[in-house]
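J.: Take the two lone chains, each set in its own frame, and fit them into one complex as the hints suggest.
Residue numbers (the working numbering), protein chains in the order written: chain A, 1 to 288; chain B, 1 to 314.
Zero decoy hints are in this set.
Partial chain A-side listing against chain B, Cβ under 10 Å, derived:
| # | residue |
| --- | --- |
| 1 | LEU11 |
| 2 | PHE28 |
| 3 | LEU30 |
| 4 | ALA105 |
| 5 | ASN132 |
| 6 | GLN176 |
| 7 | PRO207 |
Derived from the structure by calculation, the hints contain no laboratory data.
We put the CB at the ideal spot given by N, CA and C, even for glycine.
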Amino acid sequence: MKLQRLSRKELLAAFVFLAPSIAGFSLFYLIPFGQSILYSFQDRIGGSFTLSNYKELLLSSSFQKAASNTFWFTAVSVPILVTVSLLLALLLNQRVFFRNWLRTAYVLPLVVPVASIVLVWQILFDWNGSLNVVMEHFGYSRQDWMKSEWAGLVIVLVYVWKNIGYNVILFLAGLQNIPDQYYEIADLEGAGPLRRLFGITLTYLTPTTFLVVLMSVLNSFKVFRETFLVAGAYPHDRIYMLQHYMNNMFLSLDIQKVSSAAVLMALCMTGLMFALFRTERIFRSYME
Amino acid sequence: MKQWILPLLRSLLLIAIAILLLMPVVLSIVSSFMTEHEIMANYSMLGKTDTSIFVNLKWIPDWVSFQQYNKVLIATPNFLYLFWNSVMLVAPIIIGQAAVATLASFAFGKLNFPGRDGLFFLYLMTMLMPFQVTLVPNYLMADRLGLLNHPSSIILPGVFGAFGVFLLRQFMLHIHSAYIEAAKMDGAGYWRIFISIALPMVKPGIAALIVLLFVDYWNMVEQPLNFFAGRRDAAAVGLLIPHSGRCAWRLVRCLGCIHDAYGAAVFERRTVFYRRNPAFRREGLSEGRLATWYCENNGLPALHWRCSFSYWGC
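With the rest of the complex left out, here is chain B (with noise of 0.2 Å):
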């Protein structure tokens, strides 16, 4: 009896705060299986502060539609496309950051070399550091390698992201130095350490890191943006998705739980930056006016800032 009402108890608790924590998660799938006419009905007061009708938080719909997913999945066969684009520069990004971050974060966390903590406190630092501040020095360096408009330049600084040698590290130094030290007395060498040992003994981690690398990736947005401007093709999902204006509401949504399946979409800030800034409007500059009077002002090599999207029809 008393065996099990412990668990049952912590499991009920635990059971309420997943509930609580997948609300938002439900709704979003729920709402995309309403038809336009519903979701229209119960939503479209958001973001008006004039009107005193609420919102109709809706878990049920009324009539359950495949219509967007057929708009999505079907009748723009566009979006199959991109996925597979974004499949091919995340999947690289994950197998190389994965093999070159435990090997490197062997030598952080079992070795010992002079200068080995200042190096990874500098890997720490580039990882903290917003997207924002090495974006010119990136495009420029892309630049310099012949990499632009090419995959490649997405892929190679994700292959070599300092998260992957940062969260490896730690699952290494779990590892008891005396298992190390037994295998050195036995005659093991360094790299039959790391095989042996090593590897096995961080399976765990290497597991997280996947999964965590593919959450991260799937969601860039502002590099592919970047590197790859002109480039339609080459777009990842992310920047097929509309802002979000109301009408392009319901696809944003049904397009959001397809890729839940498989990992996340984000829509392009950038775009919305230019629809919402008061200054940018005012002005009327059109992104490839910035471009050049970026260029002309910095002596850049010209940069296409021009979004390769294409908007979904209203």
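One chain only, chain A, in its complex shape (with noise of 0.2 Å):
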């Protein structure tokens, strides 16, 4: 009876705690979600129902191209970044010199306006940039790289540059939140630096780790600013993605194929979600 009651209070408590976010939520952006849903089963704003919308969206190279592009780039880019700037957060959570400073460096290039660095990777990257330069001073011939097969790997190189202080930031607040006591306890009992890194360190780590892989997926679509200005709307088809598809969707006022597209990327992004709450529950469990 006692129990019930209160956890009748706590569901009372959570409603409290939750309402002004779910009326905002759901008004911005919960219902315009849906109608996204309703949009892409109709054969025009209004109009009837219909799975054309999917058939065509499939059956395009264009969708496929920008699908399989997309994947790859995140498959490939995010656990490169994950992985680096963890390495990073790790070895700035030891005793270094300057470490404010160097916190402060690597955030920088994260606020840095994206217009103004386009025209650096432009300086870095174009037929007569300076990688160029490089390259032919070694008696190699010179790339087009914005424009060949090696445009994929210029845009993993700017998604690392950007994003890597956002991570190095989340990781070490992650980092500085497990209690000193562990690691006095760890040391009490004589285990090593491995057994303290993988039992200690990244076990309590789990939900900043959860929270870093989700963050650079996301960041990972955001990365379309940068190629966008650098190579236009439709760049070499080596790093044509997604949203160069459903921006020229948008554009051409295709709305139903836009909102297809959509709902395919959210379906693929509840799996992707769904496995990485699955992993974190499991981690977590271990923590309590």
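T.: Laid out in structure tokens, this is it:
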């Protein structure tokens, strides 16, 4: 009886804490997204039910290209980014000189305007750019980096450059949240550095890692801005992403195609997050 | 001896990485102090495939010139005005989202209620969707609520963004349940637990959230463009920066550097699109015609796609 009363109190509390967020969230996100789903099944806004949008979408070669590029970009760049930034954060969390300065330096690329940095990418990777100066100097033939198979690599580089600071902040915040006592106890019990890393640091970092992975995926979609500004709406086939596709469809006012592409994307994201959620829960049970 | 040699090596490695990461930023700042002439001499061959002249990567300008800053800050005060507009848009979003998200994330992270994980999942989904997906329904919603051409059409969706909830929930999960159980034993209510336990413990998270939100929303371009169409004065700074016509470069750089101190600016991508898209050029559609066509075909209230930003003269 008492237990039930308590949980009802908890339910009420949860509702009060959530109310403002849920109200605004449904109004500005949930309902609009629902409408997008609706549009994806209509031949025009307010039209009758149809699956032809999906059929056309899946048959379109530019959608296939965009989807596979996006998939590969995310699959390759996210693990690289997460690993590199975790290593950096672990290094920074130890005894180093100028720690605060270094941390600021890593975060700086994030706050620099995309517009002004894009010009630097052009200076580096253009046909007449600096990288080609170096290539010629060492006797290799020059490359048009953004208009060849290399473009994918360049974009991965830009993405890692930009987001590394973001992830390092998050990882550092997570690392500082691990109580020192855990390490002291581990020392008393004679745990080696590797044991400490896996047994304490990485285990207690799980919620942060979960966050970082999701953020990296999210930001891997935002790299579109740079790609777009460097290479335009129709870049080399290698870096034609889903957002290019959606943007082009949106601008040619094909709302139905945008919506169905979005729904398909949402389905893939659901799968991905489901997997992440599961992993997180398994690790969280270790922690408690 | 051995005590400081390892930290020193670590520091050197980290410093080397930092220098590598900072190079583009430094280059950007340095060129903002160059004169027009110098920039053209060093970088004007970009984007041309026929020339055999390479760019000349230059770290130190021959002449340090404040000419561009003068142009942006003093000769054309419009920039400062727009800058203030940006601040007035971004500040309420940051404060609002931090407040709403702290409350909600406490419920998601530390309370038990049915449907909690499902609801959170929905938050995540919408957070991960690209902006283009919900643009049209969002516009309709703003119209229905009578928010078009009003700053709140940007601020409100920002305040209820899912990102804050998501980020802070992670920090809430770090709080050990034992603290909360103990507080309950002592007879503390949920509000009390929130204020005295959760809030102090997620402070680093809130700080991180503020930084990240700032970066994200300072970069927003699409929203002001679509919801403020026709209100020149309300456009955020980002909208003012012209597309990368070669002549506008210096200004973009210069604006960029001023912005660097506070956040970021992006130039408008739709304009770039219009200018580069061959199909658009071929058919000679104006944005106005595009909008009319769109409305006629979809029975929407008149969408004013007209961009509300001015070009800097070249």
